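S.K.: Now for the letters of each chain:
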Amino acid sequence: MSILNSKIPEGPLAEKWSKHKGAIKVVSPANKRKLEIIVVGTGLGGASAAASLAELGYKVKAFCYQDSPRRAHSIAAQGGINAAKNYQNDNDSVHRLFYDTIKGGDYRSREANVYRLAEVSPNIIDQCVAQGVPFGREYGGLLDNRSFGGVLVSRTFYARGQTGQQLLIGAYQALNRQIAKGAVEMYSRHEMLDVVKIDGKARGIIARDLVTGKIKRFGAHAVVVATGGYGNVFFLSTNAMGSNGSAAWQCYKHGAFMSNPCFVQIHPTCIPVHGDQQSKLTLMSESLRNDGRVWVPKKKEDAVKLQKGEIGPNDIKDEDRDFYLERRYPSYGNLVPRDVASRAAKERCDEGFGVNGEGKAVFLDFKYSIERLGKKVIEARYGNLFQMYEKITDVDPYKEPMMIYPAIHYTMGGTWVDYNLMTTVPGLYAIGEANFSDHGANRLGASALMQGLADGYFILPYTIGDYLADEIMVPKIDTNKPEFEAAEKAVTGRIEILFNIKGKKTVDYFHKKLGQIMWDNVGMARNAEGLKIAIAEIKKIREEFWSDVKVPGELNNLNPELEKAGRVADFIDIGELMARDALDRNESCGGHFREESATEEGEAKRNDELFTYVSCWEFKGERKEPELHKEPLKFENIKLSQRSYK
Amino acid sequence: MADKILKKLNIKVWRQNRASEKGKFENYTIENISTGSSFLEMMDILNNELIEKGIDPIAFDHDCREGICGTCSLYINGRPHGPDTEVTTCQLHMRKFKAGETITIEPWRARAFPVIKDLIVDRSAFDKILQAGGFVSVNTGGVPDANTIPVAYDDAEEAMDAAACIGCGACVAACKNSSAMLFVSAKVSHLAKLPQGRVEAKSRARNMIAKMDELGFGGCTNTGACEAECPKSISIVNIARLNREYLVARMSE
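So the protein lines, in turn, are chains A and B.
Note that the numbering used here gives residue 488 to position 488 of the first sequence, counting from 1, and the numbers run on in steps of one.
Position in the second sequence (first residue = 1) + 1000 = the numbering used here.
Hint data in this document are derived by calculation from the structure and do not stem from the laboratory.
Keep in mind that this is a model prediction, so the values were computed, not measured.
Here a beta-carbon is modelled for each residue, glycine too, at the ideal position from N, C-alpha and C.
Beyond 12 Å from chain A on every Cβ pair, some chain B residues (computed):
1. Lys1022
2. Lys1098
3. Gly1218
4. Cys1220
5. Tyr1246
Here chain A is said to cover these stretches of chain B; the calculated rule only asks that three of the stretch's residues, wherever they fall, bring their Cβ under 8 Å from a Cβ of chain A:
6. 1051 to 1057
7. 1067 to 1077
8. 1111 to 1123
9. 1132 to 1140
Next comes chain B alone, as it looks inside the complex (with noise of 0.2 Å):
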């Protein structure tokens, strides 16, 4: 595991001052990186070249750098969280790289994703699609002991799966038609396997989706592109089982 030096990396990257501005690419090279930084580490050394060099540094979400927040979401060589599987751009590490070779770096693309600046995106959709209805409601107080309804192990492990999603947008990136199906199928799977959320089944279904429509996200046309770049492996059988709660919602009104 022993680390070694990257000499020179040239970095090709999105630059775009503000939303209302026009972008375009930029280049800048990158010397000395070890392989056993993370690709983040490498952005902070460049952003502080930048700034001794009297350059603006270059706008980057990122918080947790535990590939748990959801936070980063770089565009790296055409992947969501570049050429590493199950992971996110927090814990891509250099060692992905060659020396010598050219980085491209992009915001994700998608129309519900407006650029805010450089590398940085505005996911807010993705609350809002949850606000249509991704939760169980239930107040603080008056519920009952937590072992009152038993949860089949497999139903519980299936509900931990749909829930591991982190809300990065990755599949949106990822697909052509900018479907947030993944992410919406997810919420809805984690909250239909369990006997807490079935209650509210079909209702959350059903204005989950129309939420989505109307933030314009794109259709599902089953690519499964999302599922190859989730970070957390979210399965596109969730899209199925979707599908199915949706289908049950509207047939049931």
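Bound conformation, chain A alone (with noise of 0.2 Å):
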């Protein structure tokens, strides 16, 4: 365990990241002039710390694999952001939300990191309101808040439905503006695959440019990976379509432990699956659910009329709809956390209640709130979503309920990192979705999008300084060393084994394949039994997959094939580890259920005497079982209890 240094501060909780900041090393402006930083990915946590880091004065190299930096998938976030500002007057607090975050993630978090996440959130809405980010507003001119599932105040800040466009877009204005000073070069349309190591440091990049095909090395002081999450190893999500984990295992296999993989976000209301010629899922935001009520028919020959398409639901009476949130949880009701209501919306579907030709699917309702606020107040409040659901569905949901059902949408599991953010390899942090830290079992709605900005704005600015500052005699990182070499070739030989299997199988067919199995085995519901199923499965698709798969097109060109096989090859691999870790952990909690883990109720049943760590997988070699480190969690501020919504 000796490996394993969270360096979480001594002291009283709420003294801890003061103390740690007085206590960790600076850089003087003429040193961070000589020091370079690449930052992968430029959603919120990249964007943000990109420009921060720049505005300190270092030398920074950004990296996306889209057209442009603004289109990084936080850009998709809808509802809201949280902040303990207490704006509302409901007795909100740094010690409320942090209680929240740590309650509504199972206990399987750590307390001084979450506690800092809280501490630094009121800073966060006062720079995206100083960049111009359009929040709500009340009439009288102040910032507007809304509910959130699993708390009892109204601490989320928004834009309409399109709140992590509008937060992106400042973090981004912000990063243009260290572009346009030279502060920042910017790489869009590239895509790292490969971290390079001298003397066991993170000394930079290899990365394919996504145009020309060129392979290409890129060197610094500190690498820093904010690639977010790894959800589209279930091929249907609701990432978009090139979010890939495979910066983050990249990182892996050079060291840097994976923790908490099988920590994986289903959200209870997204468009239910149509067919099958989908290609991805999407989501309807959480704060639906503050204004929307779930429900199935209480009876259920109404449910299999409905499943039938013999009646609609607003053919069936009020008496005889099962408010089943409600019912459940009195207290919190619609707005319970997101791993309680995708459950149970999957308990009422398993039931046959299922109110869609497949069965699986749900209403959510706003019948009610239009005849209580009127039309117009729910248009202003989620006419963007409306529209998004009526453009795909056909379906006007004023006037009939919205059809909705779980899908695979965040991952609270990623690199372990320190206090500091730094992974396991010196030099090497991560930031964001891409680490594991703040969310434990379960994140809540509104969070990622604070974790994002606080670790780029406020957390990595100043803890990656305690590490530089010990570097700043090392010179500009010559990319010709042999380090450099080898780890191109290996990018390179790589990629030519990919692209001369010439199978006969497109890459789409082995990560729906995947998908499936991910789905099935290692999604909503998990047993021992299942579990070693996928691990059997999931590497008899890698030698499929290593054998038969077809990538078109040519080597030094544009080619989506060619990149989308290196990610489903990575895909395939973490797969693997999720399904092992969640073998491993053998109790319930949060988004991890497993059957042989439950409450009477059905409720997800801790095992907090055998399973308070946080799991962290180490590398140990290419179709090799990976060893398995614990960092066990201590709560000294919390008394661990059963989470109760009810």
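Take the two lone chains, each set in its own frame, and fit them into one complex as the hints suggest.
M.R.: Here it is as structure tokens:
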């Protein structure tokens, strides 16, 4: 266990971050100019970090696979961002946000990290307003708030249903300002394919120019990975088509431990799957649960008629509707956390009460709030989401309830980091969704945006100095060194192998097959037998992939299939590790539900005695079993209890 | 809403292997597409068929597939983002097409957006315009409390209307002059409507317009085609506001 030093400062919880800031080293402005930092990914974490580091005077190189940094998938976040401002005078506080987040994460995250997140959250809102983020306001001109799942206060700031877009544009504008000044060199349409280590420290990356196909070397004194989550392992998810786990996976192969990979968030309100031609799933914001009521029919015969299309939802009387979240969880009602809402929907559908042709959907109904508040109010709050729903499904949600079903959305697991956000590889950092640290086994709504921006604006810019202060004598990294040579050769070799398999099956074939195995066995409900099957099946997919995949096109040209092939090759490996981790964790917690470990009411049942730890997986070589290390979680300020939202 | 199957579609699509090579239209047919599928899902299916036949699949830009990232960019049957209103290509569904129809797909056509491959164009000119001034010059930290300056509800709403721009480039593609005025005006309006952005309003308008001209976008002749095709319904009122900001900026020079 000695390898894992979380570097959590001593002392009372509320003083840890200020004490730590006082203790860590600072780099002088003259030295910052000599130090280079690579930031991979330009979502909320990456863009805010790249901009803030450049403002401090570091020389930054930023990378994204998209054609512009503005397109990173943070842009798709809809509902909002949490902050402990207590503007609503509803008794919110840093401590309450901290407590809600730890409890929401089912007691599987670090107290110190989560407290710091809550502590810096108010600064984020100040920063965004100063950048010109057009948050929703009251008529008096002050900022408005809404409520999100798993909390009893209103602390969520929003910009209509496009909060992620507006926050990302804010960070992108700050980034653009630094690009214009020459403080950030921006590399769009570049994909990181490997990290380069020299004498054990991260010193650069190998990236492919996605337009020309050229493999390029980039050196730096530190590397920051802000590449998001790996939800696309499941093929169908709410992630963007290009979202991938490859950068994080290369870090893993170079010694960065991967933590809690089985912790995946399944979001309860997504538009259900239709047919077999679907490429991705669309989220309907959690904010809709502020005003929408979730229900299925009380009587099975009504459900059967709905499934056959013989009746519509409006044919079912109020007294024949089962508002099962309000029934099961009277105090939180429709605003229970995501994992609880997802499982409850699955339970009803498994019992035969699903409401679409496949029996895999529940209703989210706005009839009641439209009656109470009027259509205009609902339109002002959710107009763009309703429009999106109608365009996709051809159903008008002002007249008929939405149909929704859970879908893969976010990965709480990720690269292990210490309190400074550094991985187990010196000089290699992971921020935002890419790291594991703040959300435990379930993330609360509107907290992903908060964490990405907290890491990028207010945490990494401080903590990275502690490492770089000792690097000021290191000259500009020479990319002609043998380590770069070898890394480039390995990357080129792997691409050539993929390209020369010239098999019969498309990349999508393998991705869909992997996704199905993951959804069936490593999805919303897991058990030992299914997980063992998944591991065996994934191994078979790997063999088949590496002998029969067909990658068309040219190596030295824009080639989307080649990009996908590399990502899917890594998804196969990530999927296996997820299954392994889920198998090890024989308890239920948050989004990780082991059928062997449930309460009588079917809720997740933790086993604190055996599993109050962060799993940390160490790579031991291709096709070799990884080694599990454990970081014990210590709770000094919160008493662990069975989570209840009743 | 029951989905139907479109038995057969003819796809006429622009193929161009790289910027330096000549392009041309190719014709393909595709069968059994569900009307519930999105346009890009139809493209995925077509591409998988092409790969199986040993033909290089059609390169097209796409990412979030929920209408917000602004990556997708197809010119379908003579319209940016195709025959539906207020949607991006990724939200366009096949129920908007009829069986047997020929669907023509082209890349954005504008001098400032050169083709990279097939239907993918280079829109980095948009980034460059924003780098010229589309920001508020504040560093991280040291800013006042978010509620220090109240912002009138209507101003915040108007700023949000303009800030909804996704930077897809449909406005440029729709314009006969390939003007970027709607795009530029959306950013200028978004920031000018808020007190935080007001401080630099003049230099912002001046610098962004100068950059837009330099990058080869055409002038605006008020045809309104941009507004009609904008997937986010950005209004040309913003262009009037930009002209006003620009005039004030020039007069105060």
